[in-house]
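Participant: Sequence:
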Amino acid sequence: MITQDTLFEEMTDISRLSSAKGMNYRVVQYSSYDRRSVSPLDSTWFANEDGFGGEPIPGFEKVLAAPDSSGTGTYLICDARGPGVVQRLWTAGISGTVRVFLDSPDNLLFQGKAEDFFRKPVEILSGDSSLGKHTESFYQYDASYFPIPFSKGFRMEWTGKISDIHFYHVGLRLYDNDQEVESFTRENFRKYKATMIRTDSLLRNPDHRPASGHYSSMNGEVRLEPGEQAVLMDLKGPSSITRFSLRADAGNLENALRQAVLRIWFDDSETAQVNAPLGDFFGAAPGINPYISLPFTVLTDGTMICRFEMPFSKNARIIIENHSAEKIKVSAEAIVARFRWKDGESMHFHALWSMDHDLTTSELDSRASDIPCLAAEGKGRIAGAAALIHNPSGVPTSWGNWWGEGDEKIFIDRDTFPSFFGTGSEDYFNYSWSSSRIFSYPYCGQPRNDGPGNRGYVSDFRWHISDDIPFRESACFLMELKHHGKVEGFSYGRIIYYYLLPGGNTVTGLFTAHDLREINYEPWMPEAFKGSDGWRFVQAEELARGNDRVSFEKDDFWAGSGVLNWIPASGQDVLKLNIPSDKEIRETRIGITLTHTPDSGSLTFRLNGEPVRFSGRDTLLVFTAAGRLLDNHFSGPVRLKKGSNELMIGMPGADGRKTAQIDFIWLRK
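Residue numbers for the sequence shown follow my numbering, so the first one is 5 and each next one is one higher.
If you're looking for bench data, these hints aren't it; they were derived computationally from the structure. Bear in mind the structure is a predicted one, so any value in this text is a computation, not a measurement. Beta carbons: idealized from backbone N, C-alpha and C, even for Gly. Accuracy of the hints is not assured; some may be wrong.
Listed next, with one range per pair, are the computed distances between beta-carbon atoms [unchecked claim]:
1. 225 / 540: 38 to 44 Å
2. 255 / 553: 26 to 32 Å
3. 613 / 516: 40 to 46 Å
4. 673 / 69: 55 to 61 Å
5. 134 / 342: 24 to 30 Å
6. 140 / 225: 37 to 43 Å
7. 112 / 167: 22 to 28 Å
8. 521 / 112: 56 to 62 Å
With the hints as constraints, model all of the structure from the sequences given.
Facilitator: Below is the structure:
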């Protein structure tokens with residue numbers, strides 16, 4: 005019997021993914037994808053009107069009531085028959101109202117604002133206002149993971165104006181008809197509330213899951229010269245690796261983590277089931293980009309942890325290959341459990357990496373392309389995906405340098421049309437509106453985004469733990485590449501995590517030394533396009549002559565290959581930038597692009613003696629917990645006089661250790 009209790013347990017049960025037992029369901033996604041997309045052979049396959057409003061064909065399954073004189077109509081989002089579970093809801097914004105029915109047209113589960121149902125299903129459906137913080141892990145950026153089981157069917161209708169925003173994903177698990185499922189009720193929820201609270205705690209603290217059975221710790225260490233390879237571990241089965249942690253040391257660690265390769269063979273396989281660059285395997289490359297999720301964690305000290313279970317019948321061999329010019333030391337620990345291997349049921353873990361360099365992206369209104377991520381034959385399940393992007397656009401705003409307008413398309417078994425057809429790459433990764441935020445949740449995250457906007461190196465991930473995607477014959481995973489502009493030298497890396505019964509076959513996953521090339525930062529200058537149109541840019545180095553405690557750091561990470569670096573000795577110190585204007589402007593705005601680092605201080609601003617707020621704040625916080633990123637900040641209305649205008653920057657509480665790194669200033673043309 006499937007109940008909400010068993011579904012809560014599944015949300016943290018990574019071990020079940022390695023078994024083909026219980027794969028008596030298929031997973032589908034209903035979405036607001038552009039209905040002009042019918043066939044890959046058609047010019048409209050990459051059409052992009054998928055929820056903004058005003059699409060040529062309503063982005064729904066059916067029109068239930070034609071729009072009235074006000075433009076309001078009723079549309080069918082989904083109507084699934086038989087037993088199943090609502091596993092995931094996502095929206096970037098949805099107007100109007102929804103009616104949600106469980107099992108029969110007489111059982112109205114919810115009627116109200118669509119935004120409320122998609123954003124807060126736990127509180128709405130449970131009717132329990134005491135849950136408080138215990139719901140946090142069920143909401144992951146723009147996605148909701150609150151299982152809603154049904155025994156006979158699930159139907160959702162939307163009423164609103166097609167001209168208004170209506171982005172949506174509804175992810176369903178649909179069981180074979182003979183599966184017993186206990187439908188959601190508030191009474192049942194109250195029975196299982198304690199399990200939900202425990203699930204929330206485990207999602208937030210993945211290492212707190214209690215161990216069971218017999219475990220042992222195995223350690224390995226290798227030191228590799230350039231071009232060498234070595235066995236990190238040789239393990240005997242039947243066993244299962246339940247936790248694998250690793251740490252690397254090298255002179256240029258960022259390059260070493262991309263150019264050293266992790267390969268794992270299970271049970272004398274001819275090809276490695278795990279085949280990926282060392283850092284990329286942990287989903288946050290390039291470099292060390294700390295985050296916490298359920299199956300993976302990267303710590304600030306460089307320790308990288310994998311909790312995906314890796315069972316094997318006879319043996320497992322873990323090898324490190326060093327394709328870099330660096331000497332590299334790799335230390336690892338594997339927690340290995342006794343395991344009963346069952347032929348026809350136990351599956352091997354796979355993680356296969358691919359990279360395409362030197363791509364030229366299509367512009368927003370041009371024909372895009374589908375990037376192959378996985379082509380597998382056999383029986384298994386998809387457990388996660390990560391995108392590892394290098395976006396060398398010179399445009400400094402998301403509206404202009406965004407790379408992810410393209411949709412995921414996942415074909416399962418004998419699909420003639422994808423079971424998953426998405427509405428944008430970031431929507432698949434659970435966020436929206438090309439966010440440049442650094443974030444991580446149990447099932448999704450963006451641990452790196454150089455900026456400004458979405459330029460530079462970017463890593464996104466999503467784990468399919470409770471919403472794993474089973475396949476009985478085959479799986480094909482494509483991710484469309486559609487950019488806001490034409491960009492040359494674009495790189496698209498990706499890694500798919502999945503389980504496969506022995507005897508299955510994977511087409512993707514081969515790469516060359518060229519694919520492992522060094523992490524480079526090419527020189528760039530900001531360009532005025534889309535979101536930055538109408539602005540001109542001045543390097544901060546040109547405006548800061550005569551200041552004390554100022555240096556100029558060279559690196560192609562920054563525009564113009566350098567940045568102004570200011571380290572005030574005390575809160576009394578000020579940095580003065582002289583901003584030129586060839587005429588008096590009574591009201592305008594200025595922008596400033598700053599480096600956010602763990603060493604960044606908070607900043608205040610005065611223009612010609614008057615206080616200025618940036619990003620709506622009197623004091624601008626520029627700190628980030630790890631790494632470095634570039635972000636844009638814009639002032640409120642200011643007045644510029646003809647000639648030189650003095651922008652004074654202060655750092656309250658400065659102590660000679662905190663820094664301010666200013667890349668460039670934005671001025672209206």
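Participant: For each hint, tell me whether it holds in the structure or not.
Facilitator: Against the structure, the hints come out as follows:
| no. | hint | in the structure |
| --- | --- | --- |
| 1 | 225 / 540: 38 to 44 Å | violated (54 Å) |
| 2 | 255 / 553: 26 to 32 Å | holds (30 Å) |
| 3 | 613 / 516: 40 to 46 Å | violated (60 Å) |
| 4 | 673 / 69: 55 to 61 Å | violated (49 Å) |
| 5 | 134 / 342: 24 to 30 Å | violated (41 Å) |
| 6 | 140 / 225: 37 to 43 Å | holds (38 Å) |
| 7 | 112 / 167: 22 to 28 Å | holds (27 Å) |
| 8 | 521 / 112: 56 to 62 Å | holds (57 Å) |
Of the numbered hints given earlier, the model fails hints 1, 3, 4, 5; all others are met.
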